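> Go ahead and model the full structure; you've got the sequences and the hints to work with.
2 protein chains.
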Amino acid sequence: MADRYFQHTFPSGLTLLAEQMPGMQSAAMTLLVPAGSSTDPVDRSGAATVLGELVLRGAGARDNRQLTDYLDSLGLQRGSGVGVHHTRFSVAALAPRVIESLEVYADIVRRPMLPESGFSPARDLALQALAGIDDEPRQKLMLKLRESHLPFPFGRNSMGEKAHLERLTPDFCRADFAQRYHAQGAIIALAGNVNFDEVRPEVERHFGTWDGRAGNLVATKPPDSRYSFEEQKSEQTHIGIAYDSVPETHADYYVARMAIEILSGGMSGRLFTEIREKRGLCYSVGANYASLKGLGAIFGYAGTSNERAQATLDCFVAELHRLSDGVTRDELDRAKIGLKASTIMTGESTSARAAAIAHDYFMRGRIRTLDEIKDAIDAVTVDQVNDYLKRSKPGPFTIAIVGPKELKLP
Amino acid sequence: MADRYFQHTFPSGLTLLAEQMPGMQSAAMTLLVPAGSSTDPVDRSGAATVLGELVLRGAGARDNRQLTDYLDSLGLQRGSGVGVHHTRFSVAALAPRVIESLEVYADIVRRPMLPESGFSPARDLALQALAGIDDEPRQKLMLKLRESHLPFPFGRNSMGEKAHLERLTPDFCRADFAQRYHAQGAIIALAGNVNFDEVRPEVERHFGTWDGRAGNLVATKPPDSRYSFEEQKSEQTHIGIAYDSVPETHADYYVARMAIEILSGGMSGRLFTEIREKRGLCYSVGANYASLKGLGAIFGYAGTSNERAQATLDCFVAELHRLSDGVTRDELDRAKIGLKASTIMTGESTSARAAAIAHDYFMRGRIRTLDEIKDAIDAVTVDQVNDYLKRSKPGPFTIAIVGPKELKLP
Chain R
5 MADRYFQHTF PSGLTLLAEQ MPGMQSAAMT LLVPAGSSTD PVDRSGAATV LGELVLRGAG
65 ARDNRQLTDY LDSLGLQRGS GVGVHHTRFS VAALAPRVIE SLEVYADIVR RPMLPESGFS
125 PARDLALQAL AGIDDEPRQK LMLKLRESHL PFPFGRNSMG EKAHLERLTP DFCRADFAQR
185 YHAQGAIIAL AGNVNFDEVR PEVERHFGTW DGRAGNLVAT KPPDSRYSFE EQKSEQTHIG
245 IAYDSVPETH ADYYVARMAI EILSGGMSGR LFTEIREKRG LCYSVGANYA SLKGLGAIFG
305 YAGTSNERAQ ATLDCFVAEL HRLSDGVTRD ELDRAKIGLK ASTIMTGEST SARAAAIAHD
365 YFMRGRIRTL DEIKDAIDAV TVDQVNDYLK RSKPGPFTIA IVGPKELKLP
Chain U
5 MADRYFQHTF PSGLTLLAEQ MPGMQSAAMT LLVPAGSSTD PVDRSGAATV LGELVLRGAG
65 ARDNRQLTDY LDSLGLQRGS GVGVHHTRFS VAALAPRVIE SLEVYADIVR RPMLPESGFS
125 PARDLALQAL AGIDDEPRQK LMLKLRESHL PFPFGRNSMG EKAHLERLTP DFCRADFAQR
185 YHAQGAIIAL AGNVNFDEVR PEVERHFGTW DGRAGNLVAT KPPDSRYSFE EQKSEQTHIG
245 IAYDSVPETH ADYYVARMAI EILSGGMSGR LFTEIREKRG LCYSVGANYA SLKGLGAIFG
305 YAGTSNERAQ ATLDCFVAEL HRLSDGVTRD ELDRAKIGLK ASTIMTGEST SARAAAIAHD
365 YFMRGRIRTL DEIKDAIDAV TVDQVNDYLK RSKPGPFTIA IVGPKELKLP
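Sequence lines, in order, name chains R and U. Per the working numbering, the very first residue in the first sequence carries number 5; after that it's consecutive. Per the working numbering, the very first residue in the second sequence carries number 5; after that it's consecutive.
What the hints contain is simulated information worked out from the structure, not anything from laboratory work. For clarity, every value in this text was computed on a predicted model and none was experimentally measured. Hints should not be assumed to be uniformly reliable.
To be verified - Simulated restraints, written as ranges between beta carbons of each label pair: (1) Arg-69(R) / Thr-224(U): 41 to 49 Å; (2) Phe-176(U) / Thr-332(R): 35 to 43 Å; (3) Gly-369(R) / Asp-337(U): 38 to 46 Å; (4) Asn-310(R) / Glu-235(U): 20 to 28 Å; (5) Gln-314(R) / Lys-397(U): 52 to 60 Å; (6) Ala-255(R) / Ala-383(U): 55 to 63 Å; (7) Gln-314(R) / Ala-182(U): 33 to 41 Å.
C-beta: ideal position from N, C-alpha, C; glycine also.
Shown next, in the form of structure tokens:
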């Protein structure tokens with residue numbers, strides 16, 4: 005597989021990653037810039053989100069309209085967003101168009117116009133997206149759960165806070181751009197019908213002289229409270245439960261992952277069969293592993309009617325505790341098959357692979373091959389899982405509720 | 005491309021479709037059964053949804069738990085859902101596992117246990133999913149818009165109505181199963197690393213003796229009202245606009261599609277640039293073409309703050325009317341590139357292709373090749389688009405609003 009994966013870090017600190025998938029016609033790019041919600045200035049939460057919108061409003065020689073038209077004329081499917089650690093720009097298209105887009109993405113992250121006229125609409129959109137959460141109780145709940153569980157500033161809402169967004173100015177955004185959009189810690193990941201020997205000089209040409217600076221250090225502090233209740237008149241109650249897990253780089257990672265797969269993977273997962281299928285307590289229930297630099301956590305969700313909310317919470321917590329009693333070999337086998345199958349399916353999507361190798365490099369400093377992942381899954385034994393579950397009882401729990409009334413906590 | 009696409013209709017009326025994608029390790033299956041929301045009995049809206057849940061609760065020799073465990077042990081990523089015309093079961097996995105799953109899906113659609121004990125939880129889940137819409141104003145709006153725009157029974161909510169769901173019984177579900185789960189009009193579409201000559205006898209073995217019956221005729225009648233307002237206390241107003249378009253099989257289809265791409269495709273689409281980017285009126289805005297058997301429609305959505313709601317609606321309608329003034333060659337070129345790129349990307353996903361060929365066959369009685377779609381897009385001229393837009397002024401509009409107060413209609 006040595007001819008499939010490539011990585012190179014330029015002197016500026018920018019890293020280029022490539023996964024050659026020769027059977028594909030398409031390619032995808034994930035470009036990560038070290039401007040995430042965790043490095044938003046303390047009193048300017050949401051700054052990276054507004055900046056991520058603003059850099060797309062004209063860059064290099066192209067004004068806002070020309071830039072948008074040009075990107076669409078390449079046939080790019082594109083997106084952008086702000087995560088805890090980075091601002092992400094992603095594109096997928098026919099492979100030659102993705103390579104062509106390197107030049108314009110260099111403009112976007114290195115030479116945006118940051119026009120005065122674009123600032124108000126960009127900030128307004130951020131304010132509206134934030135206000136829109138009021139109509140999305142499930143999203144509201146999960147944001148609250150992250151904030152209550154993760155250490156600050158990892159738990160911050162990347163959409164920001166209203167007062168903070170209102171405090172932003174065009175000058176502030178320009179200074180913030182100069183501070184956080186730089187080569188050190190930036191990652192360009194390409195996957196698909198690309199040739200590393202050809203793309204490397206292209207990336208060097210457009211990003212080679214990109215300025216690098218030391219990244220911002222992030223000091224963390226624990227969240228204020230492990231419980232949050234937000235009253236909302238509704239027939240529905242939304243319940244979130246979080247607890248710590250091992251980081252993705254920990255030796256126990258795959259062991260812990262398999263336990264969560266057994267809890268919530270596929271439709272034979274315990275949460276699904278016990279809470280949804282057998283007892284019909286709620287339509288939507290599940291738990292996921294979330295990976296941040298240096299920490300891992302489990303975030304669970306259940307949405308149910310008000311009269312079933314207490315039973316659902318009790319049942320959810322009981323299932324988490326029941327993990328400590330151990331899992332069966334059949335459960336582990338199904339979980340392995342499911343996770344391996346989804347890994348292989350991911351290997352057929354250029355977008356998924358570009359995102360995955362960028363994530364891998366950020367977490368580990370290297371790309372994992374698909375075979376390495378499959379082998380790691382295969383190597384997990386039922387004894388390892390049960391030993392881990394005995395050692396690592398789930399909890400303490402962080403709990404968030406959005407609904408008409410509070411619930412009795414476990 | 006003759007060795008890529010295959011179709012065969014068995015004497016029972018079941019059609020098998022296959023797209024051979026030899027570069028893939030995976031395969032995907034879409035299985036359509038002629039039980040859609042449009043054939044739900046008039047006073048039992050939601051029956052297909054409950055039935056679609058119930059058939060998965062044990063089938064053939066496997067009880068509920070054994071069936072779920074077995075499906076997960078194949079590593080299947082699977083889903084099911086009810087659309088206007090069909091109940092859909094879909095799986096994706098390593099190709100040999102998908103072929104293996106044919107046997108158990110034959111059990112599911114031909115020999116489900118429909119157990120008494122599974123009925124209450126299945127119906128409860130449907131009731132909960134329905135109640136959950138109250139917390140999803142955007143979804144609530146789009147359901148209302150479909151209901152107000154499409155002729156009955158095409159506009160019905162597949163999730164059903166509360167009173168109708170409460171009227172269901174296990175016996176009713178069994179009779180409904182006997183009535184609507186049959187081979188006539190059913191479609192099995194396979195895409196990925198499959199060989200038609202090998203899968204055809206497998207399908208024949210498991211589905212060959214499946215009973216066929218004439219489908220239910222659906223008599224349509226126009227919706228009662230073209231306007232709906234649902235009061236909801238919120239900072240946000242959700243706006244839906246719908247109007248008729250040509251059916252997918254109409255000679256003008258690609259011409260009409262390109263017009264909608266120009267309106268709302270990519271980020272250079274008119275709705276996005278005029279309403280979101282230039283005026284910052286709303287965070288989320290767009291319009292899509294929806295295809296039903298024999299009819300096409302455009303469904304538009306905008307979500308915005310209450311104080312900008314009227315301006316957003318006015319601006320949205322103005323953009324729809326402005327289409328009649330014509331589009332530019334640049335706009336058309338970008339739209340073509342965008343739609344062709346997404347067509348090619350779809351060609352790299354076994355799940356997307358299985359769904360696409362099943363849809364094609366249902367609409368046209370045959371599979372379109374990817375090249376045929378690309379050629380059809382390429383053939384559209386700016387004169388054709390402008391001529392179409394002059395002939396087909398958008399409207400009359402169906403409008404739905406979910407928010408705290410009514411808006412002035414255009």
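> All the hints need checking, so say for each whether the structure fits it.
Hints, verified against the model:
| no. | hint | verdict |
| --- | --- | --- |
| 1 | Arg-69(R) / Thr-224(U): 41 to 49 Å | holds, 43 Å |
| 2 | Phe-176(U) / Thr-332(R): 35 to 43 Å | holds, 38 Å |
| 3 | Gly-369(R) / Asp-337(U): 38 to 46 Å | holds, 43 Å |
| 4 | Asn-310(R) / Glu-235(U): 20 to 28 Å | holds, 21 Å |
| 5 | Gln-314(R) / Lys-397(U): 52 to 60 Å | holds, 55 Å |
| 6 | Ala-255(R) / Ala-383(U): 55 to 63 Å | holds, 59 Å |
| 7 | Gln-314(R) / Ala-182(U): 33 to 41 Å | holds, 40 Å |
Taken one by one, the earlier hints all hold for this structure without exception.
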